[in-house]
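> Read off the chains here:
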Amino acid sequence: MEKRIKVLSLIVLLAIILPMFFILSFVATAQDRGEEILKKVEDQTIGPLAPADIQADMVMVIRSAGGEEKKRELLVWTKNNPVGDDWRLMKFLNPADIKDLGLLVLGEEQMYLYLPEFQRIRRIASHNKKESFVGSDFSYDDLGTSGFSAFFTPKLKSEDEKTWVLELLRKPGAKKQYAKIIMTVDKATGLPVRLELYDDSGELFKVETQENSRVGKYWIPIKIAMENIKAKTMTTMELKNVKVDQNLSAEIFTERNLKRSVSR
Amino acid sequence: MVVWLTTAWVFGLMGIFRVPMNLVTPALPVLLIGLGSAYGIHVVSSIEQNRNQRLSKIAWLSRSTARVALPVFMAAITTMVGFASFLTAKLGLISNFGIFAGIGVITAMLLAYALIPASYYLLPDSRSQVKEHPASLFNPNLFDRLARQVIKKYRLIILLGVVIFIFFVFWIPAIRREVNFTAYFPPSSEPRQADLIVRDNFDGASPLNIYFQAPNLRTAGVLRIMRRTENFMASLPQCGLPLSAAELVEELNEKMNDRFSLPETDGQVANLWFFLEGRDELKQLITDDFTEGLVFSRTSSSRTEFHWKLRKDINSFLKRELSTSFKEIRLEGLSKKEVAEIRKKEMAYLLREVEWLLQRYAPGSIFDRKEAEKALQEVIENWPEVSDPEVLAAFQKEIEAYIFSPSFDFEISQKARRELVGKLVEMVKTGNAGNNVLAGVLRSAIPVSLNNEKVAGQVVSTLSMRLKEAKERVAVEKANQKIEALIPASARNNQDFRRRLDGLLFELSDGFVVLPESLTRDLPPEAMSQARTISFSRIDQSGLPPALTQLDHYLFVSQLQSFALALVLTFFIMLLLRKSLKLGLISITPIVFTLGVVYGFFGLAGIELDYVTMMVASVSIGVGIDYSIHFVHGLMMGLKQGLSREEAIRAAFREKGSAIAANSLAVMLGFAVLLLASMSPLRTFGGIMIGSMFLAAFSALTLLPALLLRVKIK
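The listed protein sequences derive, respectively, from chains A and B.
FYI, in our numbering the residues of the first sequence are 1 to 264.
FYI, in our numbering the residues of the second sequence are 265 to 978.
Treat the hints with care, as some may be off.
Computed, partial: chain A to chain B, Cβ under 8 Å [unchecked claim]:
{"#": "1", "residue": "ASP32"}
{"#": "2", "residue": "GLU36"}
{"#": "3", "residue": "LYS39"}
{"#": "4", "residue": "SER64"}
{"#": "5", "residue": "ASN94"}
{"#": "6", "residue": "LEU101"}
{"#": "7", "residue": "LEU115"}
{"#": "8", "residue": "PRO116"}
{"#": "9", "residue": "GLU117"}
{"#": "10", "residue": "ARG122"}
{"#": "11", "residue": "ARG123"}
{"#": "12", "residue": "VAL134"}
{"#": "13", "residue": "GLY135"}
{"#": "14", "residue": "TRP219"}
{"#": "15", "residue": "LYS223"}
{"#": "16", "residue": "GLU255"}
The set of hints was computed from the structure by calculation and includes no laboratory data.
For clarity, every value in this text was computed on a predicted model and none was experimentally measured.
Where a beta carbon is used, it is the ideal one built from N, C-alpha and C, also for glycine.
With the hints as constraints, model all of the structure from the sequences given.
Structure representation (structure tokens):
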């Protein structure tokens with residue numbers, strides 16, 4: 001009798017512990033997989049598999065809730081920085097009243113704006129980064145170049161034949177405006193195709209979608225759309241005349257060059 | 265039954281026609297119940313009083329009903345006319361109330377004629393139980409006694425009536441009008457408490473705006489006009505600090521360029537606007553196409569009298585300052601004398617804004633404007649030159665920050681940079697600061713290998729801009745020093761005032777001037793030939809204070825119109841039906857007396873006239889005239905039967921007195937229900953109507969018979 005009770009107790013204990021072990025290991029596996037997939041994404045976007053540099057024309061269309069559209073034309077240069085944040089320079093061409101206005105991003109805390117009418121460069125404070133860029137649905141933070149892994153903990157949420165879905169949760173203390181991101185990654189390109197951005201209250205704030213295209217040996221996001229769910233506005237950024245691996249000089253990504261007048 | 269059916273049908277009709285309920289609607293069932301029961305009382309009273317076993321049931325009922333048909337009809341028509349007068353009201357909710365109350369009155373009358381006799385017909389015949397005295401709420405002897413007293417003392421009654429009337433009418437001009445929705449809520453209620461908190465801590469909750477419409481509001485010139493409007497609104501008492509797109513641009517300019525002022529070119533405005541795009545507060549201040557914008561403020565007071573003053577002051581400002589077009593003048597290329605002349609005009613124009621700001625930051629203080637003008641004229645006449653030591657010092661500081669920064673356009677050694685700074689300062693010291701001169705200095709400092717004409721051009725442009733800014737900064741400092749002593753201490757020590765004052769002085773010192781056309785007529789033709797004109801399609805005040813004052817105006821006009829219409833129509837109906845001018849006039853005397861006393865009481869007791877209590881006159885006329893109608897009818901019936909005037913009056917008291925008293929009691933009890941309303945205007949309305957109905961009935965049973973005795977009637 002006593003032996004039977006002992007055996008039964010052992011079976012019950014195993015019945016409780018084993019599933020817990022499997023759940024925990026599944027969670028651990030999900031997180032590992034998430035990190036692995038995010039690394040794949042970042043390798044393509046800002047890591048060793050990304051183009052060394054990109055130069056392109058960009059057209060930004062800002063659509064209001066009422067359907068009116070505003071168009072901005074820019075020139076964009078990006079340089080991959082394997083040991084730090086990527087560098088990015090944006091110079092406006094159109095409309096005429098903001099021609100030569102420029103934005104230079106050298107790092108998470110290093111963003112500069114050039115105002116041609118005042119002939120002054122101003123550094124943007126980090127608390128401004130949540131603000132809208134040129135009245136678009138992209139914030140300055142959205143246009144930063146530092147990737148996700150430094151600020152978010154990824155976990156594989158689900159997958160199907162064509163995509164992985166990652167859940168990225170903001171790390172404690174990370175100065176990012178989104179508490180959670182649901183990222184859908186295309187398995188074929190290794191690039192995100194959809195990002196659902198959630199605010200601090202857990203509500204869906206914005207949805208970013210990407211169309212990726214082949215440029216040389218790389219997959220590049222050619223068209224990015226950001227939709228503000230609550231405001232019912234949308235901004236699209238489309239790249240044209242994309243050139244990669246042009247061996248762009250570091251001199252391009254300087255405050256000096258930020259001031260230069262540009263034309264196509 | 266009459267009452268319930270009437271109420272149900274009227275509200276059913278409101279539902280069919282989708283007429284919404286509002287603040288005034290709760291008074292409707294109360295009114296219909298009172299009126300419906302009044303007609304019913306008279307019909308029942310007539311039926312009961314004329315019980316006659318000798319007649320068939322149908323004959324008895326039809327004869328009884330016929331006896332009251334005319335007075336009930338007249339009462340209903342005059343009451344309906346009283347409500348019909350609401351159709352002149354500009355407020356939809358008042359005119360709707362009038363329409364449905366009128367429908368209710370006619371429905372009640374028809375139902376009283378139809379349902380009551382029909383019900384009596386269907387009930388078992390109780391005429392064998394004829395009582396000597398039909399059931400009555402009041403002792404009939406009471407009215408006999410009253411009749412005797414009135415007949416005996418009719419002269420005294422008339423005299424007392426006149427004295428009381430004159431006394432109360434004297435107080436009518438003291439009536440105050442008030443349209444204050446928050447006061448309608450009980451003091452402990454959430455809306456009232458919230459309003460108090462917002463008023464005490466956040467400059468109030470009532471929005472007050474000045475609306476601008478123009479082809480493009482996002483220009484340097486237009487923004488200065490909006491800023492001027494802001495400064496005017498800042499001077500208004502019990503109003504919060506105003507906000508407009510101009511203020512946002514000033515704030516941004518302060519962050520970017522250390523000056524809380526509006527930039528001098530449209531391009532600079534566009535550059536700063538880059539940062540404002542997408543900000544939520546911008547959407548509340550200007551449309552996306554920049555054609556419509558607001559200067560927004562709030563007021564903490566909800567008093568109608570205050571709102572009228574505010575509206576008047578703003579209208580006066582709009583007429584005086586903004587009903588003209590404006591000129592944008594560029595000072596570049598003009599002679600020193602011409603520049604000084606224009607600056608003096610601008611200075612006098614901007615000093616008005618300083619006065620407004622002082623009304624806010626140092627209220628009640630005295631600002632010697634003449635002295636300030638004199639002091640600033642001195643600054644203008646001794647405007648800083650590029651060679652002044654202070655200008656040079658400021659210029660040197662600026663260009664050192666520029667040339668020694670990593671972003672300097674030419675990559676030259678530190679030594680070369682120091683030499684460049686030195687050469688530039690030396691050259692400017694001699695008074696030579698033109699672009700060609702600066703370009704020459706630059707060329708001499710930059711190695712040929714690095715020289716690039718386009719880049720050099722950009723550098724020269726930047727240096728020139730920095731020099732201009734240095735000059736402006738020094739001019740502002742000098743101006744500040746000159747008028748410092750004239751600024752009251754409380755404003756002087758206020759950081760917000762200081763930055764606004766500096767902003768105005770920066771605008772005085774820059775090369776861009778905006779003036780109303782009337783001030784530019786005697787300016788140099790050369791300056792005016794290039795001047796651009798600014799004009800607005802529309803400038804209006806909007807927000808709660810103008811809306812409430814307009815409501816108050818409608819209230820006043822509607823009150824007068826409905827009162828006059830009700831009285832006149834009622835008089836004509838009486839005249840038509842009685843075919844006697846004297847009788848028509850005497851019939852409306854009790855109600856005129858009642859209204860004189862009621863409205864005089866408003867003034868005496870400080871009861872404010874609002875859009876609920878404004879209905880007192882028309883409702884009182886419509887309902888109160890019923891008592892006169894019934895009494896006069898009773899009198900005429902007696903006179904027709906050959907009774908003397910005194911006997912006829914006694915008969916009228918006997919026949920109608922109880923019904924009139926019961927009628928007025930029913931109506932008063934109906935209005936008494938409103939005393940339990942949660943909204944104060946309904947309680948006030950209910951209380952006033954109780955008093956009004958009592959007075960109307962009392963004067964119909966005292967003053968009216970007294971006048972009928974005094975005046976000869978055929």
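> Against chain B, is VAL134(A) within 8 Å by beta-carbon distance?
At 6 Å from the nearest chain B Cβ, VAL134(A) passes the 8 Å test, so the hint holds.
> Let me know if the C-beta of TRP219(A) comes in closer than 8 Å to any C-beta of chain B, holds or violated.
It is violated, given that the least Cβ distance between TRP219(A) and chain B is near 30 Å, above 8 Å.
> Using 8 Å as the Cβ threshold, decide whether GLY135(A) counts as touching chain B.
Where the cut-off is 8 Å and the nearest Cβ of chain B is about 3 Å from GLY135(A), the hint holds.
> For the hint on ARG122(A), just tell me whether its beta-carbon gets within less than 8 Å of chain B.
Check passed: Cβ of ARG122(A) comes within 6 Å of chain B, closer than 8 Å.
> Regarding the hint that PRO116(A) lies at the interface with chain B, is the smallest CB-CB distance below 8 Å?
holds (7 Å)
> Classify the hint on ASP32(A) as holds or violated, based on whether any CB of chain B lies nearer than 8 Å to its CB.
Status violated, d = 39 Å.
> Take the shortest C-beta to C-beta distance between LEU101(A) and chain B; is it under 8 Å?
At 6 Å from the nearest chain B Cβ, LEU101(A) passes the 8 Å test, so the hint holds.
> Have a go at the GLU117(A) hint: is there a Cβ in chain B nearer than 8 Å to its own Cβ?
It holds, given that the least Cβ distance between GLU117(A) and chain B is near 4 Å, below 8 Å.
> With a cut-off of 8 Å on the beta carbons, see whether LEU115(A) makes it to chain B.
The hint holds - LEU115(A) has a Cβ within 8 Å of chain B, the shortest such distance being about 4 Å.
> Measuring from the C-beta of ASN94(A) to each C-beta in chain B, is the shortest one below 8 Å?
violated (12 Å)
> A closest beta-carbon separation below 8 Å is what the hint needs, so does ARG123(A) meet it against chain B?
violated (11 Å)
> Quick check on the hint: GLU255(A) CB to chain B CB, less than 8 Å?
Result: holds, 3 Å to nearest chain B Cβ.
Hint compliance for this structure: hints 1, 2, 3, 5, 11, 14, 15 are broken, all remaining hints hold.
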